[in-house]
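Asker: The sequence shown runs 749 to 1178 under my numbering.
Think of the hints as simulated: they come from the structure by calculation, not from any bench. Just so you know, these numbers come straight off a predicted model, no measurement behind them. Think of the CB as a built atom: it goes at the ideal place given N, C-alpha and C, for glycine as much as any other residue. Mixed in with the good hints, there may be bad ones.
[As the list claims (entries may be wrong)] The calculated label-pair distances, taken between Cβ atoms and stated as ranges, are:
1. N1064 - M1177: 37 to 43 Å
2. I1062 - A1025: 40 to 46 Å
3. A1025 - V765: 29 to 35 Å
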Amino acid sequence: MSPETQALWVFIVGMLVLIATGMNMALALVLTGAGMAWVLGFFDTQLLAQNLVAGVDSFPLLAVPFFVLAGELMNAGGISRRIIEMAQAWVGHIKGGLGYVAIGAAVLMASMSGSALADTAALATILMPMMRQQGYPIGTSGGLIAAGGIIAPIIPPSMPFVIYGVTTNTSISALFLSGIVPGLMMGAALVVTWRLMLRGMALPAGEPLPMRQRLRATARAGWALLMPVIIIGGMKTGVFTPTEAAVVAAFYALVVAFLVHREMRVAELGPVLVNAARTTAVVMFLCAGAQVASYMITLADLPGTLGGWLGPLIDNPRLLMVVMMLVLVLVGTALDLTPTILIFAPVLLPIAVKAGIDPVYFGLMFVLNGAIGLITPPVGTVLNVVAGVGRMSLMQVIRGVNPFLAAYLVVLALLVAFPQLVTVPVAWMR
């Protein structure tokens, strides 16, 4: 067995064993990378340290802490709550209206923070008690909120798109634009699924609010609605880069929270910064650890090996996409979105490009597949957030999310069958 083959087995077996022991994912990546280096004859602590630093030494990655901070400020400063109140004013009176509120608010909030966990936590905190009080099936409600939360990585601005763009050297602005139509398709899929599920539910319908109150709720959310316009408009017109857009988003959320809504005090800023720093540290440590493993994967020629396995499919790009999406669906059940991007994107993208698949389209499909993995057990990070905030069992959320998961798989299949749904709008918007 060649050293390269041994290194690949070290990576595969090592990751499986370390994940099974519950080890931190970033540390598992570093250790497996070190094991591969030993087998390949490249073990050098200085080389490992250089790769750790190189994994986070990137200007575009500065967008991560600022998008995280923007999401935290949105939740603490009342921006998220006003979005939900506006949606409730318009559709809350319909049968199952709180479900439509959750979907509408998820789409709107996705265009501001780019963080699935932050959006899901905000939606669950505000809507779950209301749904429980009005007799909504608790598991189905939790599943809907979890499914809505994963729209955040798709509609710009998206933190996973930033990580994918940095990892694969793909245009982050183009990736942002690619997520608009699929994100709206995800929202539409949830609306259709929720409407079909309502037939078997005995839920109350209320009286619509007077137009004056609806407009007042919309006006209260006006500053929040302006945020995605500034971010997307600024990038579209070239006023600022995606990294600078993250800074603008955080600064805007800070100004609105303190000076406009006045729902934050200086004393509350400390915990917000600490929460943002903790989340950022987790993501950056993953980026650093993945760089070690990625460097050794390149030395072991894993892309070449996979290219040999998938070689017969290169002449059939659509079939190749189907196979790669199936592989990523399986990977998503065991890995979170960020490590999936860091480990597999640099390996699979060259194969896709060789087959003639548009790299921006592939990036969108990759991140969408990984986002769906956030609501698939056993890992299902977003499922755990809903279960914790909503004070319910994880199994209830898993059962409740299954219909919406099926709807998302239909969206994924449509995008595989008709890549023009992504490529044509991106070409038009660029």
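Asker: Could you say whether the range 40 to 46 Å given as a hint is met by the Cβ separation of I1062 and A1025?
Answerer: 44 Å Cβ-Cβ, so the 40 to 46 Å window holds.
Asker: Please check whether A1025 and V765 have a Cβ separation lying inside 29 to 35 Å.
Answerer: Since the Cβ atoms of A1025 and V765 sit about 31 Å apart, the hinted range of 29 to 35 Å holds.
Asker: Given a hinted range of 37 to 43 Å, is it respected by the beta-carbon distance of N1064 and M1177?
Answerer: violated (29 Å)
Consistency note: the structure conflicts with earlier hint 1 alone.
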